[in-house]
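S.K.: Taking the hints into account, I'd like the entire structure generated from these sequences.
Spelled out, the chains give:
Number of protein chains: 2
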Amino acid sequence: MKIAVDAMGGDYAPAEIVKGIELARDAYPDLDFLLYGKPDQVQPLLHDTTRIELVPASEVIEMGDEPVRAVRRKKDSSIVLAATAVREGRADAFFSAGNTGAVLTAGLLIVGRIKGIDRPGLTTTLPVLRKPDQSSFVMLDVGANADTKPFNVVQYAVMGQYYAQSVMHVANPRIGLLNNGTEADKGDQNHRAIHDALAQMDELNFVGNVESRELLNGAADVVVTDGFTGNATLKAIEGTALSMLKLIKGEIMSGGLGGKIGAGLLKPVFHNVQAAMDYSQYGGAVLLGLKAPVVKTHGSTKAPTVKNTIGQIRELLKTNSAQQLVTYFDQHTDQMAELKATLK
Amino acid sequence: MKIAVDAMGGDYAPAEIVKGIELARDAYPDLDFLLYGKPDQVQPLLHDTTRIELVPASEVIEMGDEPVRAVRRKKDSSIVLAATAVREGRADAFFSAGNTGAVLTAGLLIVGRIKGIDRPGLTTTLPVLRKPDQSSFVMLDVGANADTKPFNVVQYAVMGQYYAQSVMHVANPRIGLLNNGTEADKGDQNHRAIHDALAQMDELNFVGNVESRELLNGAADVVVTDGFTGNATLKAIEGTALSMLKLIKGEIMSGGLGGKIGAGLLKPVFHNVQAAMDYSQYGGAVLLGLKAPVVKTHGSTKAPTVKNTIGQIRELLKTNSAQQLVTYFDQHTDQMAELKATLK
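In order, the protein sequences belong to chains Z and W.
All the letters of the first sequence, read from the start, carry residue numbers 45 to 388 under the working numbering.
All the letters of the second sequence, read from the start, carry residue numbers 45 to 388 under the working numbering.
Please note that the accuracy of each hint is not assured.
For chains that are exact copies, the list does not tell them apart, and a pair is met inside one copy or across any two.
Under the rule of at most 27 Å between Cα atoms (straight-line distance), these lysine-lysine pairs were calculated in the DSSO-like manner [what the hints assert, rightly or not]: (1) Lys230 - Lys118; (2) Lys293 - Lys230; (3) Lys346 - Lys362; (4) Lys388 - Lys193; (5) Lys119 - Lys230; (6) Lys46 - Lys293.
Calculated directly from the structure, the hints in this document are not laboratory data.
Remember, predicted model here, so these are calculated numbers, not experimental data.
M.R.: Here it is as structure tokens:
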């Protein structure tokens with residue numbers, strides 16, 4: 045299994061990317077890497093080239109570049125070259141911590157959609173904080189599309205199911221529709237239509253509507269939503285968690301000696317809480333619905349997250365998740381055509 | 045100033061409602077109350093009837109009742125009678141902790157919309173956790189409408205501005221549009237249209253798009269959004285805050301002696317954090333855009349929240365907020381008609 049890596053994307057690239065890839069190479073003997081970047085910058089960082097081939101890329105798509113134009117014009121960039129390697133079968137997956145829009149565009153335009161899938165969905169893994177069975181859930185779409193149609197959300201459910209089976213090893217994942225109430229008739233006309241379509245698909249373990257209040261309590265294993273609401277919900281969860289940790293730390297620092305001693309004794313507790321909220325441990329965001337895994341991590345990605353994300357990609361490749369989706373949508377062309385006509 | 049109160053709505057009604065109204069009566073000598081409920085249940089709870097008139101209501105709209113039908117059929121319910129008192133000018137505002145849908149329906153159908161306002165917006169106050177200038181912001185619509193049009197969101201900005209001026213005493217509130225990125229061209233076509241319309245309204249201090257990640261950091265004083273996204277965002281913030289506090293408590297309880305001593309020393313810190321997150325201190329959710337204040341609190345409301353909410357209603361009445369909105373929309377009929385035609 046070979047992974048094409050953009051060595052130049054991310055705030056700490058190429059140093060932390062190269063370091064992470066070497067960690068992953070050491071951890072997973074069944075993986076090979078194509079590392080795309082500027083040789084004069086990447087070569088000196090590589091300690092050991094075992095199973096890592098450095099491929100020269102003369103251009104870099106910057107964080108501020110307009111995604112579609114950058115992918116079209118910077119033909120010799122690390123992102124375009126790595127995605128092209130996947131398209132041409134020289135690699136099995138594509139990883140980057142660079143410009144999100146450019147990675148999604150390269151995935152869509154170069155790697156390409158699975159036949160029958162209308163829109164790929166960006167998929168994130170988040171923690172379930174309920175003890176003792178602490179686990180995780182996935183949510184999609186968290187922002188690949190600002191303009192989602194009900195039909196797309198129904199397809200996300202199928203994609204999320206295969207993903208949860210493949211990476212989270214949940215045999216029969218519970219699928220929930222993010223809505224403004226749990227009753228079947230909640231939401232606008234679109235959400236009622238999506239709910240009814242999902243309820244009729246026997247192959248899905250659809251548990252009905254879920255509210256964003258219950259996500260971290262494990263209301264579902266796979267939460268499907270349109271890209272706009274998913275993006276707002278994901279960022280509200282992130283922002284609230286960060287603000288609360290900051291608030292607690294601020295309160296401790298401004299407290300008296302008692303507070304500081306208390307803080308010292310509570311250090312392991314905070315460590316566990318931060319670890320639970322740190323969902324980079326689960327890897328990156330996956331653009332599901334493409335012919336091969338395309339995975340993106342935060343711009344602030346460092347080596348351990350690179351390694352975890354490569355582990356996640358390895359699971360996707362080992363279970364042949366993309367091919368399973370290809371087969372599913374091949375076998376359900378009539379059903380999908382009918383759904384598309386009904387739902388729009 | 046006279047407030048019509050539904051004594052029967054809420055999990056702890058009528059006891060905690062009556063207790064809260066007595067607290068509010070003692071705190072605000074300029075307020076009078078009409079208290080609607082079943083006399084045999086409410087009368088024994090009233091210690092002192094100074095400025096509180098008990099008005100008999102033979103019916104109660106239950107939490108599980110279908111809102112529109114209940115408001116239409118239960119003519120002698122505490123919710124319908126209290127809203128009718130406002131409509132007929134016998135009271136200046138309506139408060140309830142009961143069935144949310146029924147309160148919103150009674151507000152809309154009985155109290156009535158301000159002329160020129162298309163849809164009322166449910167408005168919540170949330171804390172800004174950034175120190176040292178800890179404050180608050182308001183967000184609307186958080187769920188009165190599942191199907192919001194761009195024109196409605198533009199009107200929410202005007203309504204939110206008057207509300208922030210009236211209750212938060214912010215002279216020139218910063219107004220932000222909840223979107224999936226801060227750049228002006230972010231979001232779908234609807235959000236770009238809303239952004240451009242808000243940017244052109246000179247009377248608004250529009251600060252552009254804000255992301256849900258930055259809300260608790262004080263990105264804006266007034267955050268406007270469609271009711272579906274607002275509902276998902278609000279519930280994600282609530283759920284994350286609750287889950288994190290539970291997680292921290294669980295970690296402490298399962299820790300060793302050190303953790304428990306630390307927890308004891310950190311008690312004041314946690315107390316401050318919980319107080320900061322407890323937005324019931326800011327009162328209830330207001331259905332803005334009606335001819336008089338209609339305010340709803342959580343079903344779990346107890347006496348102190350009732351008292352705080354009455355204080356919030358008093359501010360709305362003292363500043364004549366509803367009348368200011370009436371005047372604004374009276375003076376801007378042409379502009380609103382044009383916006384409605386352009387935005388849909």
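S.K.: Could you run down the list of hints and mark each one as holding or not?
M.R.: For each hint, the structure was consulted:
Proximity of Lys230 and Lys118 under a CA criterion of 27 Å is satisfied inter-copy only: 23 Å between copies versus 46 Å inside one chain copy. In this assembly of identical chains, the alpha carbons of Lys293 and Lys230 never lie at most 27 Å apart, being 39 Å within a copy and 33 Å across copies at closest. With identical chains, the CA atoms of Lys346 and Lys362 are at most 27 Å apart within one copy only, with a shortest distance of 25 Å there and 55 Å across copies. For the homomeric pair Lys388 and Lys193, the shortest alpha-carbon distances inside one copy (6 Å) and between copies (19 Å) are both at most 27 Å.
Taking the shortest alpha-carbon separations for Lys119 and Lys230, only the inter-copy value of 26 Å comes in at or below 27 Å, while the best intra-copy value is 47 Å. Taking CA atoms no more than 27 Å apart as the test, Lys46 paired with Lys293 passes in neither setting, with 43 Å inside one copy and 44 Å between copies.
Violated hints, in rising order: 2 and 6; the structure is consistent with all others.
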